[in-house]
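Visitor: Protein sequences, first through last, are from chains C and B. Following this note's numbering, the numbering of the first sequence begins with -19 at its first residue and continues without gaps. Following this note's numbering, the numbering of the second sequence begins with -19 at its first residue and continues without gaps.
Take these hints with a grain of salt, some might be off.
Heads up, the list lumps identical chains together, so a pair's fine if it works in one copy or across two of them.
[Unchecked claim] Cross-link-like lysine to any residue pairs, in silico, SDA-like; alpha carbons within 25 Å at most:
(1) LYS250 <-> LEU54
(2) LYS(-16) <-> PRO203
(3) LYS(-16) <-> ASP26
(4) LYS(-16) <-> ASP231
(5) LYS(-16) <-> GLY334
(6) LYS5 <-> SER228
(7) LYS5 <-> ALA107
(8) LYS283 <-> ILE169
(9) LYS5 <-> ARG232
(10) LYS5 <-> TYR119
(11) LYS250 <-> MET(-18)
(12) LYS250 <-> ARG(-17)
(13) LYS250 <-> THR211
(14) LYS250 <-> GLY83
(15) LYS289 <-> GLY300
(16) LYS250 <-> GLN24
It is worth saying that the hints were derived from the structure and are not from the lab.
Protein chains: 2
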Amino acid sequence: MMRKAAIVGVGLTKFGELWDLSFRKMMIEAGTRALEDAGIDGRQIDAMYVGNMSAGQFIEQEHVASLIVDHAGLTPIPCTRVEAACASGGVALRQAAIAVASGIHDIVVAAGIEKMTDILTGATTEALASASDREWEAYVGVTFPGLYALMARRHMYEFGTTEEQMAMVAVKNHRNACLNPYAQYHTEITVEEVMSSAPVAQPLKVLDCSPITDGAACVILAPADMAKQFTDTPVIIEGTGQASDTISLHDRPTLTGLRAAQEAARTAYKMARVEPEDIDLAEVHDCFTIAEIMAIEDLGFCKKGEGGKLTEQGETSIGGKIPINTGGGLKGKGHPVGATGIAQAVEIVLQLRGEAGKRQVNGAEVGLTHNVGGSGGTAVVHIFKRGD
Amino acid sequence: MMRKAAIVGVGLTKFGELWDLSFRKMMIEAGTRALEDAGIDGRQIDAMYVGNMSAGQFIEQEHVASLIVDHAGLTPIPCTRVEAACASGGVALRQAAIAVASGIHDIVVAAGIEKMTDILTGATTEALASASDREWEAYVGVTFPGLYALMARRHMYEFGTTEEQMAMVAVKNHRNACLNPYAQYHTEITVEEVMSSAPVAQPLKVLDCSPITDGAACVILAPADMAKQFTDTPVIIEGTGQASDTISLHDRPTLTGLRAAQEAARTAYKMARVEPEDIDLAEVHDCFTIAEIMAIEDLGFCKKGEGGKLTEQGETSIGGKIPINTGGGLKGKGHPVGATGIAQAVEIVLQLRGEAGKRQVNGAEVGLTHNVGGSGGTAVVHIFKRGD
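For reference, chain C alone in the conformation it holds in the complex (with noise of 0.2 Å):
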């Protein structure tokens, strides 16, 4: 890539059942707090990206770019939609850096945004599994809890995994969760309520699941050489890697990792010519408890089989080896599934400046987000600096 891009202003909307903001309120809210943070004028914006898994099945408008760029009073500047299930948040940060690279675009605006909650509750399940192969998958009647409870099953016989293991993935993710204001649960739980949750797909029980959730999230790119003009403290996208593989659980090779994040790893880790010992925390796509397990090893954290030992052992708390999740992720912070990819970027950045208050990472310098679309046949992966 020929030019780096800096993340210098961030916003969020709080995360949750959102009955009083529309889709179109949302985004203005995080992209409003998210030019304050810059202390830009929307003027200054050259583009803008937004991710958005199903604003079709869930309130039936296509075309959200146009609905965005309008409604924050952006025309004429160019506004893109890129789609790519749960991670389509993290598809428009990295098109969004990609963008600047080619120089075509200084300023550009990497948003993300999903309503959830303005439907019914099956029609949520529904839409969530046209991520997955509806001829191969869907149509048959497996939904995203049943596959990553096939994964979930594989891993526990394999590696021997508890379900206890994945109910403390839960467990810190809502610890974490109480100390983000904008996450969608302020509730601590324990493991024995994890565990006598009700069942979804076993051994998936409903608080191994991340919510349905209504939010939205920005981020502000800069061309890493401009940052210094917006923030004394800007963070340097140094490494972005996305890959893909089969959308259909039945034709990978292991059910135990996703290939695309470990490629997307290995290209964003090469690119940002770091190590995955030299990360201080990610936030991690925990979409199911068992989905953190397979990503801290994905992400080479541990061995393949370790993750759920090394979360038993505290290490991906605050203040252990490898922090994970420390907004809260997917399951405490809420998952609105297109802001997501975005989201972790904002809680990356927060942590990087020194301003995530009482979960902050002591001495956090680089930072790595990991953001899964369906069942993982998408993945991207992105390693931040603090710039000097």
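Position chain B relative to chain C; hints supplied.
Guide: Just chain B now, kept in the frame of chain C:
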């Protein structure tokens, strides 16, 4: 932009009601033809972009980039879906060109696809309406023919444009489509037939409207300085412009032109260092006949208000001053919404190579594509030159 891209391979499916081709098979067919045309192996491809408007609503499938890269056998390369309603294809082409410019990828596929006929007819119109503002337009009953009928009425009122002039657009585009083996319609029509066809939203009649179509299209990009490795006749993307406007008509100061198209054209002309007079032929977004008349005005091929007259004088026919929609346009070739922007580029490439058969424009060296999302909330313009 730092590095120019060239198109080195093109491929299309037949456009029409493709009962025997599923979504995934359409994409493979178009992609395989593009690979054969470029004479390259799929393993040389570094990344893909796919334009698709609404597989979510049409076939209940999101995450289509994952589906496509999987079924093309090209995992683990990154594949990204972009959506901008009927401009999805044009936006995909632009993102592919930006990716090449950034240096992150060399060989990049830009594809477009839509499967529109596997659904009840009313549901298709309803899904298409989600390209307009759901809350301020679609919810109160306005459909796309209704929005363009408003524009047509105002154009007639301000400039004296006639229904017969609009009909002549359809007649010309059907005539061109008869010369294009990939077109949906191979039937010539007359002005009288258009005038006496069933009203859809007055003054627009059914033969003023582009059809519902299945189809896929694909182009392969390489850095311009590598293009000669693949073909003796590369086509260089000299300019790209994308712009936005309010999504709703009621917020615009005028209904007789699309500001997004004017702005996108200005950007593309400037980047390519050409003027409207330098363009030898153009593929424009004739979703309705009035849209072609507005397009040729917005692109500067005639003064505002004179598009109807230019059409009546035959100057937009093959052999005229500025041949428009030699491939048959959306009206005659068909309009699989996400594929249209790419299919326009395919036609320009064939023309600039001198491979357009009976519809060849003699001596064509510079071509333009004009792709519109919704009622003009998004527009994308590309300018192409025959490489030396």
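Visitor: Could you place LYS250 and GLY83 in one of the four classes (within, between, both, neither) given a Cα distance threshold of 25 Å?
Guide: both (22 Å within a copy, 15 Å between copies)
Visitor: I want to check one pair: LYS5 and ARG232. Are their C-alpha atoms no more than 25 Å apart within a copy, between two copies, both, or neither?
Guide: between (41 Å within a copy, 21 Å between copies)
Visitor: What label fits LYS(-16) with PRO203 when the C-alpha limit is 25 Å: within, between, both, or neither?
Guide: both (6 Å within a copy, 20 Å between copies)
Visitor: For LYS250 vs THR211, is the C-alpha pair at or below 25 Å within one copy, between two copies, both, or neither?
Guide: neither (27 Å within a copy, 32 Å between copies)
Visitor: At most 25 Å between CA atoms: does that hold for LYS289 and GLY300 within a copy, between copies, both, or neither?
Guide: Only inside one copy: LYS289 and GLY300 sit 13 Å apart there, 74 Å across copies, limit 25 Å.
Visitor: Indicate which option fits the pair LYS5, ALA107 if close means a Cα-Cα distance not exceeding 25 Å: within, between, both or neither.
Guide: Close inside one copy (22 Å) and across copies (23 Å); limit 25 Å.
Visitor: Could you figure out if LYS(-16) and ASP26 sit no more than 25 Å apart (CA to CA) within one copy, between two copies, both or neither?
Guide: Cα proximity of LYS(-16) and ASP26: in one copy and across copies (16 Å, 20 Å).
Visitor: With identical chains treated as interchangeable, where does the CA-CA distance between LYS250 and LEU54 reach 25 Å or less: within a copy, between copies, both, or neither?
Guide: For LYS250 and LEU54, the Cα distance is within 25 Å only across copies (21 Å; inside one copy 36 Å).
Visitor: Should LYS5 paired with TYR119 be assigned to within, between, both, or neither, using CA atoms and 25 Å as the limit?
Guide: Answer is between: at 18 Å across copies they meet the 25 Å cutoff, but 34 Å inside does not.
Visitor: Reference check for the pair LYS(-16) and GLY334, CA-CA at most 25 Å: within, between, both, or neither?
Guide: Within one copy, since 22 Å is at most 25 Å while 41 Å is not.
Visitor: With 25 Å as the alpha-carbon cut-off, assign the pair LYS5 and SER228 to within, between, both or neither.
Guide: between (35 Å within a copy, 16 Å between copies)
Visitor: Within a copy, between copies, both or neither: where do LYS250 and MET(-18) come within 25 Å Cα-Cα?
Guide: both (15 Å within a copy, 23 Å between copies)
Hint check: violations occur at hints 4, 8, 13; the rest are consistent with the structure.
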